[in-house]
Amino acid sequence: MTALLGLDPLAIGDLIWAPLLIILLKVVVIFALGLLVTMFMVWFERKAIAGMGNRIGPNKAGPWGLLQTLADGIKLFFKEDLLPDRADRFVFKLAPYLAFVPAFLVWSVIPLGGDFSDGKDGLVEWFGQTTRVQLADPPVGILLFMALSSVAVYGIMLAGWSSGSKYPLLGSVRASAQMVSYEAALGLSIATVLLLAGTLSTSGIVGNQGGFTDWHVVSTGIVPFIIFMLAATAEMNRPPFDLVEAEQELVGGFNTEYSSIRFGLFFLAEFMNTVTMSGIIVTLFFGGPQGLFDIPVIPGAIEGTIWFIAKVLVFLYVYVWMRATLPRFRYDQLMDLGWKILIPASLGWFMLMAVLQLGRDEGWNRGVVGIISGVVIAGCAGLMSAAVRTSRANREREGAMF
Amino acid sequence: MELVVFVLAAAMILVGAVGVIVRSNPVHAALSLILTLFGVAVMFVAQNAHFLAAVQVIVYAGAIVVLFLFVIMLLGVDRSEDLSSEPFRIQRPLAAIVGLGVIGLVVAAVVSSRDAIMVRGTGLNVADTVGDGDTNIKQLARSVFGDYVVAFEVTSVLLVVAVVGTVLLTRRVKGSGKAS
Numbered sequence: 005m006t007a008l009l010g011l012d013p014l015a016i017g018d019l020i021w022a023p024l025l026i027i028l029l030k031v032v033v034i035f036a037l038g039l040l041v042t043m044f045m046v047w048f049e050r051k052a053i054a055g056m057g058n059r060i061g062p063n064k065a066g067p068w069g070l071l072q073t074l075a076d077g078i079k080l081f082f083k084e085d086l087l088p089d090r091a092d093r094f095v096f097k098l099a100p101y102l103a104f105v106p107a108f109l110v111w112s113v114i115p116l117g118g119d120f121s122d123g124k125d126g127l128v129e130w131f132g133q134t135t136r137v138q139l140a141d142p143p144v145g146i147l148l149f150m151a152l153s154s155v156a157v158y159g160i161m162l163a164g165w166s167s168g169s170k171y172p173l174l175g176s177v178r179a180s181a182q183m184v185s186y187e188a189a190l191g192l193s194i195a196t197v198l199l200l201a202g203t204l205s206t207s208g209i210v211g212n213q214g215g216f217t218d219w220h221v222v223s224t225g226i227v228p229f230i231i232f233m234l235a236a237t238a239e240m241n242r243p244p245f246d247l248v249e250a251e252q253e254l255v256g257g258f259n260t261e262y263s264s265i266r267f268g269l270f271f272l273a274e275f276m277n278t279v280t281m282s283g284i285i286v287t288l289f290f291g292g293p294q295g296l297f298d299i300p301v302i303p304g305a306i307e308g309t310i311w312f313i314a315k316v317l318v319f320l321y322v323y324v325w326m327r328a329t330l331p332r333f334r335y336d337q338l339m340d341l342g343w344k345i346l347i348p349a350s351l352g353w354f355m356l357m358a359v360l361q362l363g364r365d366e367g368w369n370r371g372v373v374g375i376i377s378g379v380v381i382a383g384c385a386g387l388m389s390a391a392v393r394t395s396r397a398n399r400e401r402e403g404a405m406f
Numbered sequence: 007m008e009l010v011v012f013v014l015a016a017a018m019i020l021v022g023a024v025g026v027i028v029r030s031n032p033v034h035a036a037l038s039l040i041l042t043l044f045g046v047a048v049m050f051v052a053q054n055a056h057f058l059a060a061v062q063v064i065v066y067a068g069a070i071v072v073l074f075l076f077v078i079m080l081l082g083v084d085r086s087e088d089l090s091s092e093p094f095r096i097q098r099p100l101a102a103i104v105g106l107g108v109i110g111l112v113v114a115a116v117v118s119s120r121d122a123i124m125v126r127g128t129g130l131n132v133a134d135t136v137g138d139g140d141t142n143i144k145q146l147a148r149s150v151f152g153d154y155v156v157a158f159e160v161t162s163v164l165l166v167v168a169v170v171g172t173v174l175l176t177r178r179v180k181g182s183g184k185a186s
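Listed in order, the protein sequences are those of chains B and Y. Using the numbering used here, the first residue of the first sequence is number 5, and each one after it goes up by one. Using the numbering used here, the first residue of the second sequence is number 7, and each one after it goes up by one.
It is possible that some hints are incorrect.
To be verified - Below, in silico cross-link-like pairs of lysine to any residue (SDA-like), each with a Cα-Cα straight-line distance of 25 Å or less:
{"hint": "1", "chain 1": "B", "residue 1": "LYS344", "chain 2": "Y", "residue 2": "LEU175"}
{"hint": "2", "chain 1": "B", "residue 1": "LYS97", "chain 2": "Y", "residue 2": "GLY82"}
{"hint": "3", "chain 1": "B", "residue 1": "LYS170", "chain 2": "Y", "residue 2": "VAL11"}
{"hint": "4", "chain 1": "B", "residue 1": "LYS170", "chain 2": "Y", "residue 2": "SER30"}
{"hint": "5", "chain 1": "B", "residue 1": "LYS97", "chain 2": "Y", "residue 2": "TYR66"}
{"hint": "6", "chain 1": "B", "residue 1": "LYS97", "chain 2": "Y", "residue 2": "GLU159"}
{"hint": "7", "chain 1": "B", "residue 1": "LYS170", "chain 2": "Y", "residue 2": "PHE74"}
{"hint": "8", "chain 1": "Y", "residue 1": "LYS144", "chain 2": "B", "residue 2": "ALA195"}
{"hint": "9", "chain 1": "B", "residue 1": "LYS344", "chain 2": "Y", "residue 2": "GLU159"}
{"hint": "10", "chain 1": "B", "residue 1": "LYS97", "chain 2": "Y", "residue 2": "VAL166"}
{"hint": "11", "chain 1": "B", "residue 1": "LYS97", "chain 2": "Y", "residue 2": "VAL167"}
{"hint": "12", "chain 1": "B", "residue 1": "LYS97", "chain 2": "Y", "residue 2": "LEU175"}
{"hint": "13", "chain 1": "B", "residue 1": "LYS344", "chain 2": "Y", "residue 2": "VAL167"}
{"hint": "14", "chain 1": "B", "residue 1": "LYS170", "chain 2": "Y", "residue 2": "LEU106"}
{"hint": "15", "chain 1": "Y", "residue 1": "LYS144", "chain 2": "B", "residue 2": "LYS344"}
{"hint": "16", "chain 1": "B", "residue 1": "LYS97", "chain 2": "Y", "residue 2": "HIS34"}
{"hint": "17", "chain 1": "B", "residue 1": "LYS97", "chain 2": "Y", "residue 2": "LYS144"}
{"hint": "18", "chain 1": "B", "residue 1": "LYS170", "chain 2": "Y", "residue 2": "GLU159"}
{"hint": "19", "chain 1": "B", "residue 1": "LYS170", "chain 2": "Y", "residue 2": "ALA69"}
Claimed, not checked - Derived CB-CB ranges, DEER-like:
{"hint": "20", "chain 1": "B", "residue 1": "SER264", "chain 2": "Y", "residue 2": "ALA16", "range": "55 to 61 Å"}
{"hint": "21", "chain 1": "B", "residue 1": "ILE302", "chain 2": "Y", "residue 2": "LEU9", "range": "46 to 52 Å"}
{"hint": "22", "chain 1": "B", "residue 1": "TRP68", "chain 2": "Y", "residue 2": "ILE70", "range": "26 to 32 Å"}
{"hint": "23", "chain 1": "B", "residue 1": "ALA54", "chain 2": "Y", "residue 2": "ALA16", "range": "50 to 56 Å"}
{"hint": "24", "chain 1": "Y", "residue 1": "VAL11", "chain 2": "B", "residue 2": "MET339", "range": "39 to 45 Å"}
FYI, nobody ran anything at the bench for these hints, they're computed from the structure. For clarity, every value in this text was computed on a predicted model and none was experimentally measured. By construction, the Cβ of each residue, glycine as well, lies at the ideal position given by its N, Cα and C atoms.
Please construct the entire structure, taking both the sequences and the accompanying hints into account.
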């Protein structure tokens with residue numbers, strides 16, 4: 005039973021009221037927090053982009069326009085819910101939830117705080133009970149994130165198909181091809197992190213990143229982080245990889261036929277994904293709630309949350325910044341980047357990290373290991389680029405245009 | 007508790023499996039297949055095989071059925087099929103015979119090996135589930151990359167051969183064949 009649930013140190017032993025209440029409280033707080041953060045994110049993105057575009061942005065509803073998202077949400081609730089005549093009714097209604105629920109569930113495995121100093125392993129004391137500042141810590145932690153992101157593809161894919169209209173279908177086919185191809189690079193860069201962490205659980209991954217030099221962005225070399233960041237952007241269909249919603253070509257993309265709160269769910273899911281993906285990046289590469297220095301006065305558990313929020317905010321800003329500054333990729337460029345650069349690079353880097361790790365364990369000469377792996381990687385990269393150039397030349401001879 | 011989980015998961019699997027066969031729309035059939043795969047994942051979790059459950063969802067539900075749906079949508083065969091017409095007359099009786107035969111074989115295998123399954127650790131190599139969650143993955147890794155590494159590598163070579171073969175077969179070089 006405990007092994008089946010095995011998610012929280014609270015759930016071990018007899019279930020009595022206090023732990024049960026704490027778990028319930030955690031569920032409610034994390035759900036509400038997720039919605040609030042998403043609301044804030046929508047406002048933040050509009051405001052920041054407005055600033056970069058030399059405009060004012062939302063400024064009427066509430067102070068600095070903070071309540072604009074709430075106003076938009078209420079408006080969406082009261083709008084007419086259209087159901088296209090040619091739609092597949094059941095799937096059409098199901099799709100928004102398939103997009104929304106996985107986006108929310110990822111929240112449950114991200115460590116949102118906790119005290120990781122002095123081998124405390126992120127456990128905190130609340131009302132005399134030991135628990136984590138995260139909803140669940142399953143043994144497969146980060147794989148759950150992968151599973152949920154692959155389930156999220158269905159939301160977009162089925163939304164486009166069930167609309168019974170050609171632009172949404174094109175948008176959803178693009179989306180699913182893009183998400184499936186970038187998932188490989190995403191998974192391989194996560195694998196590099198797991199190689200060093202030696203565990204799949206998210207709290208274990210955070211626990212492995214004690215100081216700045218242990219942060220995985222440093223200890224894996226910066227390459228997996230860059231690959232993860234690019235692949236995550238494509239996975240979320242955010243600019244510059246937002247071909248799914250290319251207005252000039254596809255009207256509105258997969259959600260063209262959706263209106264009212266069903267559209268609202270897609271919209272929420274998209275922004276929720278941005279926030280959770282930033283959380284995952286921070287967890288994997290930037291030590292999650294682990295701080296660079298000790299903030300005085302504030303107790304350890306709250307300090308972790310402050311660090312986590314600060315780091316996530318940086319990435320949220322980066323995503324908005326990318327949207328405001330980068331032009332959209334062309335579809336063949338997108339696929340070239342994914343298959344010919346990101347996947348080989350992440351695979352090569354994974355092998356390199358594995359060899360270095362093995363060398364450390366076996367006590368091999370570091371210089372020799374470094375030189376040999378450098379030569380092998382250079383050779384593979386040369387072969388790869390030669391293959392790409394040959395196939396390109398072949399296609400050009402057959403009359404393809406680039 | 008285990009019984010409740012089993013009954014629910016089994017119901018998911020069966021409803022999904024029947025749906026794959028009965029639904030006339032290919033997209034609905036693929037969705038039913040996802041239901042079955044999730045049911046199997048739940049079964050894995052109930053047996054403490056968390057890693058297999060996650061991989062089941064990532065690989066089967068996340069990649070393979072997505073490819074099925076992709077092909078269905080791209081080829082535009084997502085119309086409802088008329089299930090009453092029958093191109094091969096003998097197909098359905100044959101399918102029934104083969105199906106019954108498979109069920110009979112599985113039941114016979116389970117019945118004959120019941121003693122081995124009932125007593126833990128004597129007949130079958132039961133995975134060790136005590137300890138932290140990672141031991142599960144470590145045991146799996148040790149048997150895949152240690153004990154059965156040759157079979158594993160041969161399988162991957164087979165897959166590469168299949169991929170290269172598919173690319174070669176579908177690629178038309180201009181000039182040598184019919185230009186499209």
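Here is how each hint holds up against the structure:
Proximity of B:LYS344 to Y:LEU175 is assessed by CA-CA distance (about 22 Å); at most 25 Å being required, the pair is judged to hold. With a CA separation close to 21 Å, the supplied pair B:LYS97 and Y:GLY82 stays within the 25 Å bound. Using a Cα cut-off of 25 Å, the hinted pair B:LYS170 and Y:VAL11 is violated, with the two alpha carbons roughly 41 Å apart. Restraint check for B:LYS170 and Y:SER30: satisfied, since their Cα atoms lie roughly 22 Å apart, inside the 25 Å limit.
Taking the CA atoms of B:LYS97 and Y:TYR66, the gap is near 24 Å; set against the 25 Å cutoff, the hint holds. For the proposed pair B:LYS97 and Y:GLU159, the alpha carbon gap of about 44 Å is over 25 Å, so the pair is violated. Restraint check: the Cα-Cα separation between B:LYS170 and Y:PHE74 comes to about 19 Å, which is no more than 25 Å; the hinted pair holds. As the CA atoms of Y:LYS144 and B:ALA195 are separated by approximately 15 Å, the hinted pair is consistent with the 25 Å bound.
Straight-line distance between C-alpha atoms of B:LYS344 and Y:GLU159 comes to about 24 Å, which keeps the hinted pair within the 25 Å bound. Proposed proximity of B:LYS97 and Y:VAL166 is contradicted: the alpha carbons are some 40 Å apart, above 25 Å. As the CA atoms of B:LYS97 and Y:VAL167 are separated by approximately 42 Å, the hinted pair breaks the 25 Å bound. Between B:LYS97 and Y:LEU175 the alpha-carbon distance is near 41 Å, which puts this suggested pair outside the 25 Å criterion.
A threshold of 25 Å between alpha carbons decides the hint, and for B:LYS344 with Y:VAL167 the separation of about 20 Å falls inside it, so the pair holds. With a CA separation close to 43 Å, the supplied pair B:LYS170 and Y:LEU106 exceeds the 25 Å bound. Pair hint Y:LYS144 plus B:LYS344 does not hold up; C-alpha atoms about 32 Å apart against a cutoff of 25 Å. Restraint check: the Cα-Cα separation between B:LYS97 and Y:HIS34 comes to about 14 Å, which is no more than 25 Å; the hinted pair holds.
Annotation: proposed proximity of B:LYS97 to Y:LYS144 is violated, straight-line Cα distance about 42 Å (limit 25 Å). Among the hinted pairs, B:LYS170 with Y:GLU159 is inconsistent with the structure: their alpha-carbon atoms are about 43 Å apart, more than 25 Å. For the hint linking B:LYS170 to Y:ALA69, the alpha-carbon distance of about 24 Å falls within 25 Å, and the restraint holds. Separation of B:SER264 from Y:ALA16 is about 38 Å and departs from the stated range, judged on CB atoms against 55 to 61 Å.
About 48 Å separates the C-beta atoms of B:ILE302 and Y:LEU9, a value consistent with the hinted range of 46 to 52 Å. In this structure, B:TRP68 and Y:ILE70 break the distance hint of 26 to 32 Å, their C-beta atoms being roughly 48 Å apart. For the pair B:ALA54 and Y:ALA16, the beta carbons lie near 54 Å from each other, so the given range of 50 to 56 Å is met. The beta-carbon spacing between Y:VAL11 and B:MET339, approximately 42 Å, falls within the hinted interval of 39 to 45 Å.
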